[in-house]
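Colleague: Note that the protein sequences, when read in sequence, are chains A and B.
The numbering of the first sequence is our numbering, which starts it at 1 and goes up by one.
The numbering of the second sequence is our numbering, which starts it at 1001 and goes up by one.
Bear in mind the hints are in silico, worked out from the structure with no lab data behind them.
One or more of the hints may lead you astray.
To be verified - Taking beta-carbon pairs under 7 Å as the criterion, some of the chain A residues facing chain B (in silico):
| # | residue |
| --- | --- |
| 1 | Ala77 |
| 2 | Phe85 |
| 3 | Ser241 |
| 4 | Met287 |
Glycine included, C-beta positions come from ideal geometry on N, C-alpha and C.
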Amino acid sequence: MSLGVVLLCALLYIGILFATAWRVDAQAKKGQSKLMRNPYVYSLSLAVYCTAWTYYGSVGRASASGLSFLAIYLGPAIIAPLWYFLLRKMIVISKNQRINSIADFISARYGKSGHLATLVTVIALFGVIPYISIQLKAVSFSIDVLTEHQYPYFKPDAPLLADATFWVMLAMAVFTMLFGARKLDPNERHEGLVAAVAFESLVKLIAFWVVGLFVIYGLYNGLGDLFTQAAAQPETARLFSLSGAGVSPTSWTMYMLLSALAIMLLPRQFHVAVVENTHPRQVNTAMWLFPLYLLLINFLVLPIALAGKMILGSSVPSDTYVLTLPIHEHLHILSLIVFIGGFSAATSMVIVSSTAISIMVSNHLVLPALIRLKLIGQETTPRGASTLLDVRRISILGVLMLALLFLKSIGGSYDLVSVGLISFTAVAQFAPAALFGMYWRRGTRKGAIVGLWIGFLIWAYCLPAAAIAEAGFLSQSFITEGPWGIAWLRPYHLFGMEGMDNISHAAFWSLLLNTGAFLIVSLYTQPSALELTQANIFVNIHRYVAGEEYDVVKRAAKISDLRRVMGRFLDPSHVSGIFSNFEKENKVKLDQQKNAEPELINYAETQLAGIIGASSARLAIGSVAKEENITLEEVMQVLEQTREVLRYSKALEQKSSELETTTRQLIAANEQLKALDRLKADFITTVTHELRTPVTSIKALSKILLDYRAELPEEKLHSYLNILVSESERISRLINQVLDIEKIESGTDEYLPSEPFSLDEIVRTTAAGMAQLFRERSIEFTSDIPEETLEVAGNRDRIVQVVVNLLSNALKFCDTKEGRVSLSLQKTATEAVLCIGDNGKGIPPEQHEHIFDKFTQLNSKTEGKPQGTGLGLYITRKIVEHHGGSIKVVSALGKGATFEVRLPIYQPNF
Amino acid sequence: MSNNLPPRLLLLSAIALLLFEYPLLSLADKNALLGGLPLLYVYSFSVWLMLIVLTALLLRRKKDRIP
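This is chain A alone, in the form it adopts within the complex:
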């Protein structure tokens, strides 16, 4: 086939596109175009996702690694159900903020940051230009194949004008300049362009199915036959499964992730899905129709690849199977149809990409520079829409020229899929800033900038830099040994990571560190007031859609200035239209005002932003509008919502901590109750045991007395009766003590308030009363009681009980042969100190605390039966404690024991 025929077909096809776009644009101008509101057209325009990469590259990929190409289409298919809130939110935000590119979107979210807009634009440029260049390459090689190599596509030395690629590129550029930069529209809608793209989506799908059906039914007897034949050859049979084709699970996963992000973040996808959207409802249809389109265009890829491999093998590049199969059968018309399909896939991508990129380049790179350099927006500079459109058109041409230059320099050595994936990895860097930005208010401008820079640099180092080295522009050791021989810096094995393909490896590190940096820096930096407002609008867009937006940075400007500055970018009629719209919407008369309200400035800025981008508009309006410092009150208003949320979360936190404390207290109380329960049980056991012993002996003795009363000698009888009496006394003592404890513990005992009484007198009387007992046992008893009166308050009888208890203990435990007991009463500033000491065996230190417990008796293995009930000291301690005093014992084994009681001295209230 001659080159002339092929080029004629291509130009005819572009002519059809022109006609379509022209008609739709004309209808839209008259306001008649229902096409744009059609959700099916919208869904088809999303299929600009399927480029020449899909059309030619997938087959090439499938013939090498089976179904691995599917990951690129399954990612979008899996995320499509989420569009219902994800993409729709993006659209509502963008419409509300007059956002017209992904750079604008990210910049607007983080306080309309110019830095971010520029950064995103640069990343997009780096990512997309190679991508555009491979589309040109695909067109170029398809012409080459069709003309049967009369025209070898890859001729680096050929002069530009003799290169068919150049002329094809030029035709695309003209189309894009006409329909992608046709008029200035704050909505940035290009009805003709979208219609053309939707039409192209149909063309490529139909063309692909035509060739697919030809392969299946023309070359084979249906799918079954094709697969059966393929199964017979090991070379093709291995492509039936991913493991057989050698596709690693990591790559599969990473490709799905990358494509799921790219479907929303690629500049051209953002453009057709968000900017060109006319109603969020259109998304509902796209959610199933677009994945269906992807399914259909991928369904025949594997059969074509298998057929190509079986029929043509490696005699031609596998990327060209779609085209070479019909040529092989000498079907010229069919091969032309295939060519047109591929051509449409390439052109739609090029047109939309260059439109989207040119909006970003002119709004975020060129305009800010021109405004700063005072080359535009000044009194003396050329005015109006035409300048802006010229900038846009030059950007389109510039982008396409760059793509062509890239192709002619290094792009030729790359296959379709790799370049596409490198591009995907670049735009995936927008994900943390863009996606977190819509749901996480805490994300800050600094976080987004740091994250994007890190992601971009890692991407640039791991993929393009390494690719440049591979192409021979740098030493090979850069890849194999790392720069300066540093092994952990090898671009394909960063930090020594092994076992990942180059794309997955770069995507993994760049996305991981990008996201990490974004989150960490965001948490450690504070957003500005403007960032806060924007964050609030993005995250809570549904609160703002119906109502009006409030402004944080209050600005003042003269209305005339505002008119003038807008007039520098727009036609006078357009400016008047904007102002009268504002009057209508807000029911105000602007003629009567001199100064513009902040609402008007905002309105003007938003309208202008639709045309020159948010950050440029801010810059332009900023030249006339003076920004006032925000008042505290206004900040409070903005922060109100934040505070509310904080309050709520704090309240929740407090509730939960309160609950925790209560739980802890309950657990403790429960433990205490359990312990008390145990004690009570122990107490009862001990008491009954203590009671049983005397009762048993009383019972036994009484029985003896009853039976042998007459036979017993007098003295025996006497002694038995004595025992009976003492045992009964013991029982009654025990019962009294138990009753005492009961009284003391239940708090029914009367202690306070009560009259003060003199302690020294009590001690003196009690000591005197006991003196006889000591004398009977020949124990030396000394007492040292001061003359002065020592008054304490409380229950007199109980204090007597304390002294008696302690003295009887001393009596019981002092040395049996040379017993000595001492008593002293002293006075300190606030306390009366009563010490009662003996010279008995003493108490081992580990028992000091223990002896004041219930039923504690010193282990008396050596002494046989313990003396007493074991309740005396317990009762003593309780009484002292109830009087606000304390008791302790000072003792060492073999050195006697001294009990020290401290009671507070009565302080009369004057």
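Add chain B to chain A, keeping to what the hints say.
Modeller: Using the frame of chain A, we list chain B on its own:
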């Protein structure tokens, strides 16, 4: 409007991810033929088609409920 739609769509998306991701994918990733077609080929496209049909059904139901 039904508030159940977003969580249902989220669930659908999660199930699709599970089915197209290892280790579940490896169940279908075999060099076998099913009815004359490669098993993985049949599996991928039928699960995919089901995902599309279910999404469309969920959205269709929602439309019905709006008076």
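Colleague: Does each hint fit the structure? Answer for all of them.
Modeller: Each hint tested on the structure:
With a cut of 7 Å, the hint placing A:Ala77 at the interface with chain B holds, because the nearest CB-to-CB distance is about 6 Å. For A:Phe85, the shortest C-beta to C-beta distance to chain B is roughly 5 Å, which falls under 7 Å, so the interface hint holds. Contact between A:Ser241 and chain B, as hinted, is supported at the beta carbon level, the nearest pair being about 5 Å apart and thus within 7 Å. Nearest Cβ of chain B to the Cβ of A:Met287: about 5 Å, under the 7 Å cut. The hint holds.
Going down the numbered hints, you'll see the structure goes against none, and every one checks out.
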